[in-house]
Amino acid sequence: MGPLYPQELLNPEYNLLIGALIGIGFGFLLEASGFTNTRKLAGIFYGYDATVIKVFFTAALTGLIGLFILHNMGWIDITLTFYPKTFWIPTLIGGIIMALGFVIGGFCPGTSLSAAVTGKVDAMAFIGGVLLGIFGFIFTYDGLWQSLRTSGKMGKVNIAQWIGIKEGLFIFLFTIIAIVTFVVFQKWQDSWKRKMDDSDIDDLGL
Amino acid sequence: MNTQKNKYMNPYVAGFLLGLLIIAAYFFAGEGLGSSGGYRDVAIGVINGVSPEYAQANSYTAPHVAAGHAPTHTWLVYELFGVIFGAILSAALYGRLKFVIGKAPHITNKKRLYLALIGGLLWGIGTQLGRGCTSGLVLSGMAVNSLSGYIGLVAIFGFGFIFAFIFKSLWIKKN
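Residue numbers (the working numbering), protein chains in the order written: chain A, 28 to 233; chain B, 92 to 266.
Next comes chain A alone, as it looks inside the complex:
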């Protein structure tokens, strides 16, 4: 049955409308879970706020398990989706650049948009930076980035197949890793909370 749009079972206009509706849910959840508060986002790296890792891994697990079940029940054929192609070298280098941007800037693109439109001035500056960076990348692409961006090409790679284990086993292992991560980060946050000022706890909503 699914995915609908790639099989032309959904007309393009409705697809865009559904995109907007899904976006409303996405933006609502980012704001409601505190992702527009830059200190909560930075908290993942210092351990004083475990919100990001809880939301992030729960979302990944839900998507992973849900799509796995739907795929095996024949309700969605994952191979017909626009499955991401892996280019390991640029993704690794780009990811490291993003990591530096995360720690210095305190946002990522999705969270900064939710934050900027709800009045966070620092997020507006961040978005200005993102757009400048993208323009700079485009204007220097042919001379500077093209060969690097297309290097390390591996095609559509499923990590379970790449490791050489069954997909169900991989999902089981990732679930265990996620639960252990939740426990560790919760304990880390608790140890911070004991020595935090009331104003900090209030600001972070802990």
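To be clear, the hints were calculated from the coordinates, so they are not data collected in a lab.
Cβ coordinates follow ideal geometry from the N, Cα and C atoms, glycine included.
One should not assume that every hint holds.
[Claimed, not checked] Below, computed lysine to any residue pairings styled on SDA-like, alpha-carbon distance capped at 20 Å:
| id | chain 1 | residue 1 | chain 2 | residue 2 |
| --- | --- | --- | --- | --- |
| 1 | B | Lys265 | A | Ile96 |
| 2 | A | Lys193 | A | Ile96 |
| 3 | B | Lys201 | A | Phe109 |
| 4 | A | Lys183 | A | Phe109 |
| 5 | B | Lys264 | A | Ile96 |
| 6 | B | Lys259 | A | Lys183 |
| 7 | B | Lys259 | A | Phe109 |
| 8 | B | Lys98 | A | Lys183 |
[Said to hold, decoys possible] Reference excerpt, derived from the structure (chain A facing chain B, CB under 8 Å, subset only):
| id | residue |
| --- | --- |
| 9 | Pro33 |
| 10 | Gly46 |
| 11 | Gly61 |
| 12 | Tyr110 |
| 13 | Pro111 |
| 14 | Pro136 |
| 15 | Phe164 |
| 16 | Trp172 |
Given the coordinates of chain A, assemble chain B onto it according to the supplied hints.
Here is chain B on its own, set in the frame of chain A:
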């Protein structure tokens, strides 16, 4: 004491609902949630508006402005319009809709804004090189077990901890 402005949704509930949205996105559109791709489409739309000739000549933008293809008429741009509306809706409900500069208390406003700009600049470059951001590359990639998502996870969060150690003074005040 907690006031309304800092009440947040339970993170596991929020994560579960976000996961359902990812499933819906793959089921209907055949792609996951994303953010940086929408920024890129807007940037290409601006370039195409100023100089269609340049957009055709640049090999990064050319595939997005091929004949009959409007660079901003994409799923991700519509999704981002939704994000704007959804975030405002939530902030209004929680009473958080006001102008403020988010930062650690010991950082000056000016310093925070410069750092946010530089951080954003790095994301602008990193997302185009790495083919996506935390939502499109990592979260949506992980949801379909794509190797690229896990490489992004390790790079962004793994190296994030290393950079966080180096730049600790930006977020944690020395005692």
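A quick look at each hint next to the structure:
Distance hint between B:Lys265 and A:Ile96 is unfulfilled; the C-alpha atoms sit about 49 Å from each other, more than 20 Å. At roughly 14 Å between alpha-carbon atoms, A:Lys193 and A:Ile96 fall within 20 Å of each other, so this suggested pair holds. Simply put, B:Lys201 and A:Phe109 have alpha-carbon atoms about 42 Å apart, too far for the 20 Å limit, and the pair is violated. Taken as a hint, the A:Lys183 and A:Phe109 pair is honoured in the structure, with Cα atoms around 10 Å apart against an allowance of 20 Å.
For the hint pairing B:Lys264 with A:Ile96, the CA-to-CA distance comes to about 47 Å; that exceeds 20 Å, so the pair is violated. Note on B:Lys259 and A:Lys183: the hinted pairing is violated, with a Cα-Cα distance of about 37 Å set against a maximum of 20 Å. At roughly 39 Å between alpha-carbon atoms, B:Lys259 and A:Phe109 are farther apart than 20 Å, so this suggested pair is violated. Pair hint B:Lys98 plus A:Lys183 does not hold up; C-alpha atoms about 41 Å apart against a cutoff of 20 Å.
Here the hint on A:Pro33 is kept, as its CB sits about 4 Å from the closest CB of chain B, short of 8 Å. At a threshold of 8 Å, the smallest CB-CB gap from A:Gly46 to chain B is about 4 Å, leaving the interface hint in force. Below 8 Å, beta-carbon pairs count as interface contacts, and A:Gly61 has one with chain B at about 4 Å; its hint therefore holds. With its C-beta approaching chain B no nearer than about 6 Å, A:Tyr110 sits inside the 8 Å limit, and its interface hint holds.
The beta carbon of A:Pro111 is positioned within 8 Å of a beta carbon in chain B (closest approach about 4 Å), and the interface hint is therefore held. At about 4 Å, the closest approach between the beta carbon of A:Pro136 and any beta carbon in chain B falls short of 8 Å, and the interface hint on this residue holds. The restraint placing A:Phe164 at the interface with chain B holds, with a minimum CB-CB distance near 4 Å, inside the 8 Å limit. Proximity of A:Trp172 to chain B holds as hinted, the smallest CB-CB distance being about 6 Å (cut-off 8 Å).
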